[in-house]
Amino acid sequence: MTAAHLCRAGRRQVVAALGATLLAPWIAAVAQAAQAASAAASAFASGAAPAGGKPRLETVATFDDDFRLVGIGVSRTGRVFATAPASIKRSRYSMVEVDLRTGALLPFPDSAWNTYRADRPGDQQWISVQALWVDERDRLWALDSSLPSVDQRTQPPRLVEFDIPSGKLLRVYTFEGVATPKDSLNDVRIDLKHGYAFISNAGNQGGVVVTRLSDGKSRLVLAGDRSSVSDPDQHLRFGDRIARKPDGGVLVLQTDGIALSPERDWLYYRPLTDHHYWRIPVDALIDESLSATALAQRKQYLGDYALTGGLLMGGDGVLYGGDLEHRTVVALTPVVRDGKPALVQRTLVDEPKQVSWADGFALQNDYLYFADSHLHEVNFSNGYPREGKFTIFRVALPKQPAGLFAG
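The sequence shown maps to residues -33 to -1, 1 to 374 in mature numbering (1 follows the signal peptide of the UniProt record, and there is no 0).
It is worth saying that the hints were derived from the structure and are not from the lab.
Take these hints with a grain of salt, some might be off.
Simulated pairs of lysine to aspartate or glutamate, EDC-like, Cα-Cα distance not exceeding 20 Å [as the list claims (entries may be wrong)]:
no., residue 1, residue 2
1, LYS212, ASP200
2, LYS184, ASP90
3, LYS160, ASP105
4, LYS149, ASP214
5, LYS56, ASP207
6, LYS149, ASP118
7, LYS320, GLU344
8, LYS320, GLU354
9, LYS356, GLU128
10, LYS266, ASP254
11, LYS366, GLU25
12, LYS212, ASP241
13, LYS56, ASP33
For each label pair, taking beta carbons as the anchor points, the in silico distance ranges come out as [said to hold, decoys possible]:
no., residue 1, residue 2, range
14, ASP317, TYR268, 35 to 45 Å
15, LYS212, SER258, 31 to 41 Å
16, LEU257, ALA71, 46 to 56 Å
17, ARG84, GLY270, 23 to 33 Å
Remember, it's a predicted structure, so these values are computed and weren't measured experimentally.
Idealized CB from N, CA, C, for every residue including glycine.
I would like the entire structure built from these sequences, with the hints used as guidance.
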């Protein structure tokens, strides 16, 4: 289903550790990103297309009904990974690497992990893998959200880190006392600069799970905050139809899309079933001394834009997401308008005959990848038949600034 100021505390720590001389290239890179974002904002505001015109939509891989695609991850060498959560129907595999030469699906890390058994503990099997992320070290992170129907004491939600070349399991994080079966962990972003994972919660009262990578300590913050729960006056619509759950109730999903700024100073986030966009400083999210009220006061409202699922922010400071109501992909650039933070939106991919529900996103080697998961056709009750296969697409982006913490 995300510019910028340097974190003062982080800057003092880096200066103390490395000295101003070693910091200079990093500061230059940040300035380069800010300049690129400013240029992009000017182009978007004027309606101009990126250099080279509208990017061409390319098909990376397609899947049949036995693999209901949602999440994707792409390594620096171009290896493509995908997930098929089991929220409605269990697919043949839960997590795979796609052989781009043959289209074959290779269960990751192996077949045993992809053979689910309800009577087996969840530490060596996938339950319902929702999202993937590849960090700047080229390590693969998988968010297994688990399911409300299983015993989460033995099969809890987990965040799992893998070494990509070897497929070796590196570490597992769980969320006892933080996430309940009423919650629905949805998407993940890894911040190696500060040493944290940020996970969106699309269920219950929404919010963001903040996990310290050094010791696995987690907190659920912003749950129930106005920025984390969907506006009851807005809904996901397809024409004149409001999206509904299989039982006929109106679809309501809380905090869903999240994205980190390239300098890792802002987390952008939003509920799925309204049009509001928000951001909050990372240094506030990781400050355990802040009360819930004090933390909520640090958030910033950015305005109403396309109702998107997945989000991702590139190294150029542009936020990308799938416009679910119009079957497109949009680019949103942070700007200041009337002294307040805002976004400028333009359509990046306008292929409604090909794109159905642009969901999971990844960015590598100046390509934006996204998963077309057809969720409104297979998971919701709208009277729409499924049209087309589950597909991973990609589009070329302008050259991304080097030296930043872009995903």
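Evaluated hints:
no., hint, verdict
1, LYS212 with ASP200, "17 Å, holds"
2, LYS184 with ASP90, "18 Å, holds"
3, LYS160 with ASP105, "15 Å, holds"
4, LYS149 with ASP214, "17 Å, holds"
5, LYS56 with ASP207, "28 Å, violated"
6, LYS149 with ASP118, "13 Å, holds"
7, LYS320 with GLU344, "14 Å, holds"
8, LYS320 with GLU354, "9 Å, holds"
9, LYS356 with GLU128, "29 Å, violated"
10, LYS266 with ASP254, "14 Å, holds"
11, LYS366 with GLU25, "18 Å, holds"
12, LYS212 with ASP241, "16 Å, holds"
13, LYS56 with ASP33, "9 Å, holds"
14, ASP317 with TYR268: 35 to 45 Å, "27 Å, violated"
15, LYS212 with SER258: 31 to 41 Å, "35 Å, holds"
16, LEU257 with ALA71: 46 to 56 Å, "49 Å, holds"
17, ARG84 with GLY270: 23 to 33 Å, "47 Å, violated"
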